[in-house]
Structures are given as C-alpha cells and as structure tokens.
Amino acid sequence: MHERAERLHQELLGSLARAIEVPTLVASLETRYIALLLGLYEISAANSADRRSHHAHAKGLSALLKTGTSPLDLLRIIRDGNRPDTNGLSEHCQGTQPRFRPRGIFSVPALSEGEECLDNLMLDLDSLQTRFSTAFDTGTFSPGLGEEISSLYERFSSWSSSRCPGFKPITVTHLKQSAVNSGIAAGCWPGRIDTYFDLYVAGVWNIVRTSQLRIIDMMVKISDHHVDREASLHWIPRANAVVEDIMASIPYHLTDNLHAFIDEYVTGEGINDRGKSLGGLLLMHPLYVASNFSFIPEKMRGYMKRCLLWIGKEMGLGQATLLAEAHDIDRSYLESGCVIIWAGFLG
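Sequential numbering from 7 applies to the sequence shown in our numbering.
None of the hints are false.
Listed next, the in silico EDC-like pairs over lysine to aspartate or glutamate satisfying Cα-Cα at most 20 Å (straight line):
1. Lys-227 / Glu-153
2. Lys-311 / Asp-334
3. Lys-174 / Asp-125
In case anyone wonders, no lab produced these hints; they're calculated from the structure.
Construct all of the structure, not just a fragment, from the sequences and the given hints.
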C-alpha cells in the first residue's frame, strides 16, 4: 500500500510539473487541486524520522493563488478582491448586476453576517500578535496594548454569540467520569459532547477558539510582565471554558456515528468506529496549539496529545503523531500545513 501511494505521489508530481509549464493551466482549479493533494499526502506520510516536504507544496499553492506563505494571506486575497481564479467573473458581473463576491474561507453567510466579519477578526489578530511579539521580545509594552488585546477578545466573543442557531454547536449529552482516572482515551473526556452542522463548521469553531486562546496567552504574558497576578488569574476561567469547548468537539471530529459512540460509552475504552480522516485533519492543528499553552491544566494538555496520537494511528495522519511527540515544531511548519488545509476551503 505504501509503495503504491508513493508511486501515485510521483505520478501527481509529474502531472503538476507538466501543468505548470502550460500558461493556461497554471491558474486552473485542476492544477491547484493537484498541489493540494500532494500537500495532503505529505501531511499523511509525515513521521518523526521524516517530516516530509509539505512546505514545498504549501509554497506552490501560495504561488498558484498569488499570495504570501501565511494562511492568513488566503483571507487577504478575498478581502482585497485579488483571487486569481475569479477575477474574470468579478469584471463580468460589474454594471447592472451586483458585484460577484468570490467564495472565501470564511465567507459563507453564517460566518460573515452581522457587524463583525471573521476574516477581518483573524487579520486583526495577526496584526496585533505581530506587534505584541515585538513588544514582548524587547520588554517594552505600549500603555494601550493590553486594552487593544482585551477588546479583540470581546469582539471574538461577540462574533461567537451572534451566530445563527444552526451554525452553533448543539450539546447532545454529558459523559460521566469513568473509572479511569488517568490516560483517558481519545473521545472519552468527561463532560459535554457537542454536534455540529458539518465538519467544516466544527473546524471553523476550533479556529476561532484557538484564536481566543492566542489572545488569552498574550494577556497572561502582559499580566506576568507587570507582575499582576490578579489580572493573570482573571483570564484562566475564560481559557478553561474555551478549552472545554474544544474538548466537547473532539468526539464529533473523530467518530463515524456520534450517537452510536455515546450509546456504547461505558468503560471509557475509546472510539471503536472512527470517522472520516477529514475530521482528524481539521482537529489536529487546534489540538496542537491548545496543548502548548502553559496556562491550560496539564491533564487536559496530556489528553490532547493522546488524541493527536490516536489521529495519527487510527486516521493515518502521520503529522498528528509528529505534533504529539516532537518538541521542536516551528511556526513555519504549522503555517504550511494550515495553508494546505485552508486552501481546500476555497472551493
């Protein structure tokens, strides 16, 4: 099976190389899908000994889409109207017709309606985090930076609370604490279990949640810098609530039949009927990011690592195993993976 996969991988590489040589094919959806599939293969084949080269395919996708190499650059091309495969449509629809709005990562009505647009919230977070990182490295925080960060958290919270009911998670049950006090199996964390409209919606919610955790991380660091323990502790209950939301989404991502899993849950042995690998693909980066925040309880962080190991073993996504075990994952490696996954949202 592995040899056949490698052979198909090489055939796709050849197809991509030939397509890039033809000017009319460079900007085609087919060429982008080939680059996307190659990147997904590298994510699946990654392991501790060979992290694979999904960097190259992420850069290839970025080049085909004429963006930068950050996943947030995929948002910018939609906001600025520069998506290469829809420019012709945009021009064609000018005049008496409403201007065509190309489909983006977060542009479905349930995500973009209301006073705040998720695309802009994510871009504002990126800008603010860049400023924070510079201030943190130099130890010089501007007087209003903390207020800006706190305000952005409230904007994310307002966006979350203002979504239409069909887009919000629905709680289906609460798992009771099993007899197992340590080493809780994937999907069996005691507490709430939520269901979603589909995996895309569930994935978007966890992108929002990890964004909120990044904001909390900045606030905790600012509070620690000013030796303000009370301010730091103020954010911990919020962090715990966000993490509980992520935990409640895990069974939905990993099981084929959530209700059957709930009915069978007795011993806490874990998931017997795994779901689509797409669920693990969308879940693994949020789990990795959340598991590396020191303000999250160690038991929760350990559980998230075990879920990553499960995704790697049961869903065949080697990068999930790597994320669970490696201690030297740099930002560019994560961003390359996100570019590949998010590019799949563009349609």
